[in-house]
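Chemist: Sequence:
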Amino acid sequence: MVVVGLTGGIGSGKSTILKCFKSYGVPVYIADTEAKALMNRSKVIRRKLIQLFGEKAYIDQTLNRPYLASKIFNDKTLLAKMNAIVHPKVASHFKRWLKQQDADYVIKEVAIIFENNLQNQYDYIITVVADKERRIQRVMERDNVSKEKVEAVIKNQWSDAKKIEKSDFVIVNNNLQEAKEQAKNIHNNLLKILNH
2 MVVVGLTGGI
12 GSGKSTILKC
22 FKSYGVPVYI
32 ADTEAKALMN
42 RSKVIRRKLI
52 QLFGEKAYID
62 QTLNRPYLAS
72 KIFNDKTLLA
82 KMNAIVHPKV
92 ASHFKRWLKQ
102 QDADYVIKEV
112 AIIFENNLQN
122 QYDYIITVVA
132 DKERRIQRVM
142 ERDNVSKEKV
152 EAVIKNQWSD
162 AKKIEKSDFV
172 IVNNNLQEAK
182 EQAKNIHNNL
192 LKILNH
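Per the working numbering, residue 2 is the first one in the sequence shown, and the count goes up by one each step.
If you are wondering where the hints come from, they were derived from the structure by calculation, not from laboratory data. Every residue gets a Cβ at the ideal spot worked out from N, C-alpha and C, and that includes glycine. Check each hint, because a few of them may be wrong.
Stated by the list, open to error - Derived CB-CB ranges, DEER-like: (1) Trp98 to Lys20: 10 to 20 Å; (2) Val3 to Leu53: 30 to 40 Å; (3) Gln138 to Leu195: 29 to 39 Å; (4) Asp124 to Lys185: 11 to 21 Å; (5) Met141 to Asp33: 18 to 28 Å; (6) Asp76 to His197: 43 to 53 Å; (7) Val3 to Asp76: 31 to 41 Å; (8) Lys150 to His88: 19 to 29 Å; (9) Val3 to Lys77: 29 to 39 Å; (10) Asp61 to His197: 47 to 57 Å; (11) Leu195 to Gln101: 16 to 26 Å; (12) Gln52 to Phe74: 30 to 40 Å.
Said to hold, decoys possible - Simulated pairs of lysine to aspartate or glutamate, EDC-like, Cα-Cα distance not exceeding 16 Å: (13) Lys96 to Glu56; (14) Lys163 to Glu116; (15) Lys156 to Asp124; (16) Lys44 to Asp61; (17) Lys44 to Glu56; (18) Lys148 to Asp132; (19) Lys90 to Asp169; (20) Lys23 to Asp103; (21) Lys150 to Glu134; (22) Lys167 to Asp103; (23) Lys133 to Glu152; (24) Lys148 to Glu134; (25) Lys20 to Glu182; (26) Lys167 to Glu116; (27) Lys72 to Asp61; (28) Lys185 to Asp76; (29) Lys96 to Glu35; (30) Lys90 to Asp33; (31) Lys156 to Asp76; (32) Lys20 to Glu179; (33) Lys163 to Asp132; (34) Lys193 to Asp169; (35) Lys133 to Glu149; (36) Lys23 to Asp132; (37) Lys193 to Asp105.
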């Protein structure tokens with residue numbers, strides 16, 4: 002099964018592009034969503050996160066995301082430790098999910114493929130990019146956060162230029178109609194390559 006990675010900085014519009022691929026019948030796996038679900042569902046993850054962050058990691062059996070975010074935002078070591086707990090579980094969940102799919106290819110959306118040096122796990126990589134100001138605006142509206150907060154996240158991610166260099170396909174998502182066209186073209190290209 003061919004696995005296509007879809008990545009892009011915060012606010013680039015990955016979810017919108019995923020909807021396009023979904024509408025073409027491509028199975029889609031969103032790593033971030035699955036990670037959050039597993040952090041609530043898995044007893045093993047829960048136990049380890051409480052060991053790492055203390056009892057406040059969960060409130061009423063539910064992951065205390067604001068608390069965790071405040072802890073890991075300026076602490077790379079804690080973030081790495083948390084990822085070491087969660088990522089392997091997501092990886093094995095993805096493997097099980099993959100076995101159940103029946104399509105020419107699947108898309109796995111991961112926000113930080115390159116930052117985490119995971120590019121070798123994919124047959125092809127699509128990067129979604131958009132103008133920085135547009136991205137900041139989108140995230141401020143979506144998450145109700147300050148411009149400074151969005152810029153801090155952008156600073157922690159690779160630049161678009163750096164990602165583009167390592168990608169097989171790029172979608173420029175400044176104009177929705179054009180972005181949809183680009184997604185359609187990539188889908189058709191992939192089908193051509195895979196059914197050659």
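Chemist: With respect to the beta-carbon atoms only, verify the hint that Val3 and Asp76 lie 31 to 41 Å apart.
Modeler: holds, 37 Å
Chemist: Within 29 to 39 Å or not, the Cβ separation of Gln138 and Leu195?
Modeler: With a Cβ separation near 36 Å, Gln138 and Leu195 satisfy 29 to 39 Å, so the hint holds.
Chemist: Check whether the Cα positions of Lys148 and Asp132 lie no farther apart than 16 Å.
Modeler: Roughly 15 Å separates the two Cα atoms, so the pair holds.
Chemist: Given the hint that Lys44 pairs with Asp61, test it: the Cα-Cα distance must not exceed 16 Å.
Modeler: holds, 14 Å
Chemist: For Lys163 and Glu116, compute the direct alpha-carbon distance and say whether it is at most 16 Å.
Modeler: Cα-Cα ~10 Å, so holds.
Chemist: Do the alpha carbons of Lys72 and Asp61 lie within 16 Å of each other, as the hint requires?
Modeler: Violated: Lys72 and Asp61 sit about 19 Å apart, past 16 Å.
Chemist: Using the C-beta atoms of Met141 and Asp33, is the stated range 18 to 28 Å upheld?
Modeler: holds, 19 Å
Chemist: For the pair supplied as a hint, Lys150 and Glu134, is the alpha-carbon distance within the 16 Å limit?
Modeler: Cα-Cα ~13 Å, so holds.
Chemist: Does the structure keep Lys96 and Glu35 at a Cα separation of 16 Å or less?
Modeler: holds, 12 Å
Chemist: For the pair supplied as a hint, Lys156 and Asp76, is the alpha-carbon distance within the 16 Å limit?
Modeler: Roughly 15 Å separates the two Cα atoms, so the pair holds.
Chemist: Hey, Lys193 versus Asp169, does the alpha-carbon distance stay inside 16 Å?
Modeler: holds, 15 Å
Chemist: Does Lys96 pair with Glu56 here, judged by a C-alpha cut-off of 16 Å?
Modeler: It is violated: about 31 Å lies between the C-alpha atoms, which goes past 16 Å.
Against the hints set out earlier in the document, violations occur for numbers 12, 13, 15, 19, 22, 27, 28, 36.
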